[in-house]
Amino acid sequence: MIASFRSELVKLLRLTTIFGYAAAASGFTIMLTVVSILNADNPSGHGPGNRDGVSLETLAEPGGYLAGFESASSFLGIVALALFASSIAAEFSTGTIRALLTIDSRRRSLLAGKVVGLAFALMAVVTFAALVGATIAFVIAGPQGVETSAWATVDGLSEGLSIWANSVIATIVWGLFGALIAMISRSAALSISAGVAYFLIGEQFILHSLWPSTADWLPAGVLDTLAVGGTDTLSYTGAIALAGLYAVVAYVASSAVFERRDVTD
Amino acid sequence: MSIDVIQPVTRTDSAIRVEGLTKDFGRHRAVDSLTFDIPAGGVTGFVGPNGSGKSTTFRMLLGLIRPTSGNAWMLGHPISDPSRYIAEVGALVESPAMYPKLTGYKNLLALARLGRLPTTRIDEVLEIVDLTDRASDRYENYSLGMKQRLGIAGALLQAPKVLMLDEPTNGLDPAGTVEIRALFRRLAEAGTSVIVSSHLLSEIQAACDRLVMIQDGHLLFSGRLEQLLAAQHSTVVAVTADPADAPRLAQLTREAGMSPSIDGARIEVDAKPDWSPQLSRIALDAGIVLRELRPIEANLETTFLDLTSNHERNAK
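Chains as they are written, first to last, in this note's numbering: chain Y, -1 to 263; chain D, 400 to 715.
Hints were generated in silico from the structure; no laboratory data involved.
All of these numbers come straight from a predicted model, not from anything done at the bench.
It is possible that part of the hints are untrue.
What the hints assert, rightly or not - What the simulated footprint calls covered on chain D by chain Y, stretch by stretch (three residues with Cβ under 8 Å from a Cβ of chain Y suffice, anywhere in the stretch; the number is not a length):
#1 520 to 531
#2 665 to 674
Claimed, not checked - Beta-carbon label-pair distances, calculated as ranges:
#3 Thr519/D with Ala187/Y: 51 to 61 Å
#4 Arg428/D with Pro210/Y: 46 to 56 Å
#5 Ser156/Y with Ser542/D: 25 to 35 Å
#6 Arg465/D with Leu36/Y: 50 to 60 Å
Every residue, glycine too, gets a C-beta built ideally from N, C-alpha and C.
Working from the sequences, and respecting the hints, build out all of it.
What follows is the structure, encoded as structure tokens:
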């Protein structure tokens, strides 16, 4: 697995590869950070767990500087899904998978190394987005009358790290779903559109039209809950457990599909 | 000639041994009960028309796809567990597949890291395929021939005991083709078993000493190249200066025990090339002047066409 990871890094460490994803994640984070601060003039606004808006009170909390970043969790998840799906599907569509398998035929360790490599790349993307979001928040919060005294404190740093860690975990699970869809479809475009369609439309359809009781169980909801540190209906621990379960299922299924698949590409 | 000239598969020094290997894709049988044996060392050509199952067989031997039935052994290990032999095998399956945005060097680095190989080996294989000067260029900017060279470099990274290359000279210029052919010979002399698939039969004839020939997933021939060519009929063609002499020369060759065919001034005799001097002497003794005397040896191209057309007739 370590050899596969080191091999994957050769590909992923091209700055332009990561830059595109980091730019997309950061751009959306900047937008939500700016919007949340500029619109946070209503003391009765909602918290970040609710996407309707962020109150001044919430922004003044120790982790308030990452409120926009936290609100961008779903979009960051889609970035993660696209990163994993496009990387793995491209191995099939370009035929590089057969070149790799003729060097090391142990498919499980090959996949494991790739996933770990992608997880590191994703962590870099998410970290960059968090840093950009925090920087923007620090720059524009003062002039907008947002109380920032709790931000640059140990509590602020601790809360920020917690938000960042939750986001990293949630996005990695999104990425694993992307890997699974890519392994099945072997097409980057199909994987990304199928993943996005499910998470943005399919799950909403299930929730609103079929089984509303699954609100706390379905993947997109769980990952959103995890990214914001838990909600009233699903605790942080419950979200972590469910996200872990989804991660294991997605990874084991990807591995099983890869193990059995004839490489004809 | 017979299309069942198949070597026994009981050798113990086989690089590759295949027994009854079959692969179905849905209802289509791509490879049908292939049985052949490739001994260690030497250069073996793997030929067949497009869609005959060459790449599918390569893929099964490399563990990329699973056979429907049958079995095979690479370097004595069953193909059901490629991890036992893949580190000793180098392969280029179909066209080279590399990361387009990475340089040639970085592409090889990714493969070398996966195979836990020292980076010094990258420099060595780049030198072998004459790509050292272009190693820092992106793969997407390479010409077809350079991509092919890099693919071969990738296959050589592990210093393989078995080297399997699909259309390795595709895109190479004539000088490059000669270089690669010489490389195969050097590797074979050093003990590597080189298996080359190509549709360029003249290329195969020039580079290989053994042959595996398949069509529609069936084995047509497996064995030494000269064994195949020797079994094919060669001819000697004579053209008389005066067309009126042709029937007389044909009669004289008949009297010499041959069965000539005549077409105007042209006489064609089914005979080994070394019968040419005898025909020349017959003409000379009879005072017949020849405008042309030419032995036509069986070549792989005609042999291949004969075998494949026989197979098609038998299949019908």
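task: Could you tell me whether the CB distance from Thr519/D to Ala187/Y stays inside 51 to 61 Å?
output: 40 Å, violated
Range agreement (Cβ of Ser542/D with Cβ of Ser156/Y, hint 25 to 35 Å): 56 Å, violated
46 to 56 Å as the expected CB spacing between Pro210/Y and Arg428/D, which holds or is violated: Roughly 51 Å apart at Cβ, these two residues keep to the hinted range, so it holds.
message: Three residues or more, CB to CB closer than 8 Å: is that satisfied between the region 665 to 674 of chain D and chain Y?
response: violated (count 0)
message: Count the residues of the region 520 to 531 of chain D whose Cβ falls closer than 8 Å to any Cβ of chain Y, and tell me whether that reaches three.
response: Contact hint for the region 520 to 531 of chain D vs chain Y: violated, 0 residues under 8 Å.
- prompt: CB of Arg465/D to CB of Leu36/Y, is that within 50 to 60 Å?
  reply: Since Arg465/D and Leu36/Y have Cβ atoms about 59 Å apart, the given range 50 to 60 Å holds.
The structure does not agree with the numbered hints 1, 2, 3 and 5 stated previously, though it agrees with the rest.
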